[in-house]
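Participant: If you want the building blocks of each chain, they are given just below.
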Amino acid sequence: MAQIVIKNLRKEFGAFTAVQGSSFTIEDGEFFMLLGPSGCGKTTTLRMIAGLELPTSGEVYIGGEEVGQKRASQRNIAFVFQMFALYPHMNVRRNIAYPLVSQGMRRADVARKVAEVARILGIEDILHRPVGGLSGGDRQRVALGRAIVRDPACFLMDEPLGALDAEFRERMAEELRALHDRMGTTTVYVTHDQLEAMQMGDKIVVMNHGVVEQFGRPQELYDWPATTFVADFLGSPPMNLLRFSGSVAPDATEVRVNGATIGMPALREGAGGELVLGVRPEHVHLNDASAYRGCVLAAEYLGTSQIATFDTAHGHVRVRLPASTRVAVGSVTGLDLDARTLSLFRAADGRALVSEGNEGVLCHG
Amino acid sequence: MSGYSISEPSARQKWIAGALVVGYAILTVLPLIWIIATGFKTPNDAIAYPPKVIFHPTLEGYVNLFTSRARATPDMLEKLGPPTTWYDTIVRQYDMIITGPSRYGQRFLNSVIIGFGSTFLSVFLGTIAAYAFSRFKVPLKDDLMFFILSTRMMPPIAVAIPIFLMYRALGLNDTQLGMILLYTAVNLSLSVWLLKGFIDEIPVEYEEAALIDGYTRFQAFWKVVLPQAATGIASTSIFCLIFAWNEYAFATLLTSGTAQTAPPFIPTIIGVAGKDWPAVAAGATLFLIPVMVFTILLRKHLLRGITFGAVRK
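The listed protein sequences correspond, in order, to chains A and B. One point on numbering: in the numbering used here, the residue at position 93 of the first sequence is 93, and numbering is uninterrupted. One point on numbering: in the numbering used here, the residue at position 195 of the second sequence is 195, and numbering is uninterrupted.
Chain A extracted, bound-state conformation:
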């Protein structure tokens, strides 16, 4: 068990910078998600924590010890690969035992540990099988078994559910989370799936172009995105981003958007020029009296709710409505934006303006 601290971590591959000075802290026992689109540097960051890549500069602390330039085998970590990387020429038992054999553990102890791990994962009856014929879920369990058998300081997982069928993913996600809760080992988990990140993670760090955009608890990120990138990446459908020109004073509690006045959490800083107003689809309500109006373009029925797309002066606004609300395509109605939930961003750099709502949670890397 260990706390992991990343300080100004940077990785260059020739002229390309994969990770540009990341810093964040993973507390002991956390299930921590590295989230971002492909090529954002999340896997490189994980591989630097593992020691499979050496950082160009910066430090990695695992359990208080600086390990940035140490070999993977000296870090006491376990890695679960996306394709599982089970040794194909060995059976399940030997795969799980392999990390112990390298430590020179006595044979009786190895057998005891493997049996224990197999019991935890419920794979006792496939120990003798070659890994080639296993189902995706069983391969995943064997990969986990190989990871937990050595009681590492932390688990590092690179999209471990990415290779599984959709139906299996949900079940394995639950199993993974349950396993983590039982063992309490710090886990760092890379994914590009925001739903998976929010569903499983204690904390999330969102990366883009090698930069940490924000990190914090899933709900903090969802409610108060620090940048327009996070606002757009989290949520399905994502936050509506309404671009407009204007200015706001520090301590303002409303913004004027094309003639309509919209209430806001009290701002702590002012800004002018191109601004972006962010509102989640579930925080827009229909109100015919509202001055902010839109024309219904389409409605997607989702069972428990529906997503209606409105054409407004600032482009399309998607609204989550109860499934029972009747919306007629082509009709024009007023839209109310929930004042307590709005975020305001500077368009130039995409950063959120500090407000009463988000001031405690804007953790940038």
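It is worth saying that the hints were derived from the structure and are not from the lab. The structure presented is a predicted model; accordingly, all values stated were derived computationally and were not measured. Misleading hints may appear alongside valid ones.
[What the hints assert, rightly or not] Quick list of in silico lysine-lysine cross-link-like pairs, DSS-like style, CA-CA up to 27 Å:
| hint | chain 1 | residue 1 | chain 2 | residue 2 |
| --- | --- | --- | --- | --- |
| 1 | B | K137 | A | K70 |
| 2 | B | K52 | B | K275 |
| 3 | A | K70 | B | K52 |
| 4 | A | K7 | A | K203 |
| 5 | B | K137 | B | K52 |
| 6 | B | K223 | B | K275 |
| 7 | A | K7 | A | K70 |
| 8 | B | K223 | A | K113 |
| 9 | B | K141 | B | K223 |
Dock chain B against the given chain A, drawing on the hints supplied.
Facilitator: Relative to the frame of chain A, chain B by itself:
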């Protein structure tokens, strides 16, 4: 379900396909059968016209292959008494006596040492080089790979004269070591390219998993990569052995005495009269056996090697 269907071939189509395969097999195997059969004919049967398909088999060819013989005068034969062994009997029909073993055994042994030695060396070096090219950042990697391949762009015999001169200066002429080095050099480009393809196919995650599990880079290579590359190593070995085993031109040029391999030796068996085809055929037949055995032993890997990339396990 996929959008297309595959219909079962009709009995007629199957029959035609079968006939074609059998016909082609006969066509390719016929020369081989001819050689094996000739080895068991008498010299006269071997050159009979029209060719004899049915004949009385004899071991004359094999006896001639393994022995040196001399013509003996009638009184000398009388002094010797009746032949004591079955091969003596065969030789005496022609008023000959056996004066000693031929050099075939020794030439054959040279072929084994040079063939297998160079195969081992080119596959060993090729595996290491291919691993480095596949996994590490090698400066000028693409150029080096092209350079390695370019050594095969002309027939090796084109450099025969420089090699002959170099070998003479280095004292490698007519030595087993010289031939092993030469065949290794020629085969290395093939083995590096083939094996790089195989090693590229092995996901690098296996080694990374081993590195995290506490193994060194070399242990990861030895315990994880090599078992995975077994198929590639086996099929590359066969290709290398077949080349080194059958090579004729360099062997003729660079070996004459101690290190001569079987290919340049076999034609010399035919002798001054140019009649001893059965001995030549016998030599060729025996010469086929080691490559055949080697290929049969590795055939499981060879089949998987030929189709590699096409089918994922």
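Participant: Now tell me if each hint is right for this structure.
Facilitator: Consistency of the hints with the structure:
1. B/K137 - A/K70: With a Cα-Cα distance of about 20 Å, the restraint between B/K137 and A/K70 holds, given a limit of 27 Å.
2. B/K52 - B/K275: Holds, at roughly 16 Å.
3. A/K70 - B/K52: It is violated: about 77 Å lies between the C-alpha atoms, which goes past 27 Å.
4. A/K7 - A/K203: The hint holds at about 18 Å.
5. B/K137 - B/K52: violated, 64 Å
6. B/K223 - B/K275: Violated, because 56 Å separates the two Cα atoms, which is more than 27 Å.
7. A/K7 - A/K70: The hint holds at about 16 Å.
8. B/K223 - A/K113: Cα-Cα ~22 Å, so holds.
9. B/K141 - B/K223: Judged against 27 Å, a Cα distance of about 26 Å means the pair holds.
Hint compliance for this structure: hints 3, 5, 6 are not met, and every other hint is.
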